[in-house]
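Visitor: Take a look at the letters that make up each chain.
There are 2 protein chains.
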Amino acid sequence: MGVKRISIVVLRMGHRIPRDSRITTHVCLVARAFGADGVIVSDVRDVELEKKINSVVDRWGGPFFIQTGPPWVKVVKEWLEKGEVVHLTQYGIPLPEVIEEIKASGKDKLVVVGSQKQPREAFELANYNVSVTLQPHSEVAALALFLHYLQNGREFYMEFSNAKLKVIPSNRGKKVIKLV
Amino acid sequence: MGVKRISIVVLRMGHRIPRDSRITTHVCLVARAFGADGVIVSDVRDVELEKKINSVVDRWGGPFFIQTGPPWVKVVKEWLEKGEVVHLTQYGIPLPEVIEEIKASGKDKLVVVGSQKQPREAFELANYNVSVTLQPHSEVAALALFLHYLQNGREFYMEFSNAKLKVIPSNRGKKVIKLV
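Chains A and B supply the protein sequences, listed in that same order.
Each residue of the first sequence is one higher than the last, beginning at 2 in my numbering.
Each residue of the second sequence is one higher than the last, beginning at 2 in my numbering.
Note that these hints are calculated values from the structure, not bench results.
Watch out, some of these pointers could steer you wrong.
Which copy? The list can't say, so a pair holds if one copy fits it or any two copies do.
[Unchecked claim] Derived pair list, reagent style DSS-like, types lysine-lysine, alpha-carbon separation capped at 25 Å: (1) 83 to 52; (2) 167 to 118; (3) 179 to 104; (4) 75 to 175; (5) 165 to 108; (6) 78 to 52; (7) 176 to 53.
Predicted model only: the values in this text are computed from it and were never measured.
Put together the whole structure using the sequences plus the hints.
Guide: Listed below in structure tokens is the structure:
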């Protein structure tokens, strides 16, 4: 039987080229490494970013998709027709207070991370506004903690399909094996 | 009585201006928000970064220090005389397998995060090389997860001293109060 996994997609808002290129790359890589199905980078088409992430998927495995360009409001409104939207923000309800409710619904999740200047509508459209501490820090860290809680630490034990490279854990140096 | 807290300092290696400015800023802010005592950014003096982080401490509270410029080898070797060094790397022993041993020693921790091209000596000098998943992602996320585990989720309940601003958690919009 097994439990049907919910779908988890990350929406990165407010991406600006080149200012946010590296932070957005980290957001995308965290989304993949922590078990999301894919990432949508809204409002800006960024072919270089797509290439970079697809190259990681090619070497380290998937499945994981990246899409860039669609308007964030459209992505959120379409998602709300079938699932839930969780907006990560310094101003939201602390993660430990709300995570069990979010998990219990069993609905697909769109996890929204933005920049410092999120539009008011992003707060209003979301089913949940969730904080990972009430301090200013990083959407990269907030996303990692949220996905860690949402999936019970699954990221430590994930296997990716069609990987060409795999790390063998070591307390000294780098051990990487080639699988193809 | 109470339990004496260990000292936790983050060492950021491989910082390059301007390429890493935003990622390093996120590393510093995560160090503060997740309860480290301070951050050392090695080998490059970066006065702008110091100003930015000290400005966050001034508004959102501390204590938290930032130091930039000292050679990383010197920082690590001096730390080893009194405490332990934990190097976060994609190639290390998975966090869940080693965190209890790291916590049990009760020694002060220097938590080292670097860039993709860490020198071999960084792996060799560390007491522990620890991975936060075996996938490529982000030193910002790795640091957040490690500090979360090391301090049992303390970041969600921390109070900072001398803060001028404080967030009141809300499921809609932004509520910030001024404390002075």
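Visitor: One pair to classify: residue 75 and residue 175, alpha carbons no more than 25 Å apart. Within, between, both, or neither?
Guide: Intra 43 Å, inter 23 Å, cutoff 25 Å: inter-copy only.
Visitor: Could you figure out if residue 78 and residue 52 sit no more than 25 Å apart (CA to CA) within one copy, between two copies, both or neither?
Guide: Classified as neither; 27 Å inside a copy, 40 Å across copies.
Visitor: Given identical chains, is residue 167 near residue 118, meaning Cα to Cα at most 25 Å, within a copy, between copies, both, or neither?
Guide: between (38 Å within a copy, 18 Å between copies)
Visitor: Cα distance capped at 25 Å. Does residue 83 pair with residue 52 within a copy, between copies, both, or neither?
Guide: Close neither inside one copy (29 Å) nor across copies (45 Å); limit 25 Å.
Visitor: Have a look at residue 179 and residue 104 and pick one of within, between, both or neither, based on CA distance no larger than 25 Å.
Guide: Answer is neither: 36 Å inside a copy and 34 Å across each miss the 25 Å cutoff.
Visitor: Please sort residue 176 with residue 53 into within, between, both or neither, judging by C-alpha distance up to 25 Å.
Guide: within (23 Å within a copy, 38 Å between copies)
Visitor: First find the shortest C-alpha distance between residue 165 and residue 108 inside one copy, then the shortest across copies, and answer within, between, both or neither for a cut-off of 25 Å.
Guide: Intra 33 Å, inter 39 Å, cutoff 25 Å: neither.
Of the hints listed earlier, those the structure fails to meet are numbers 1, 3, 5, 6, in rising order.
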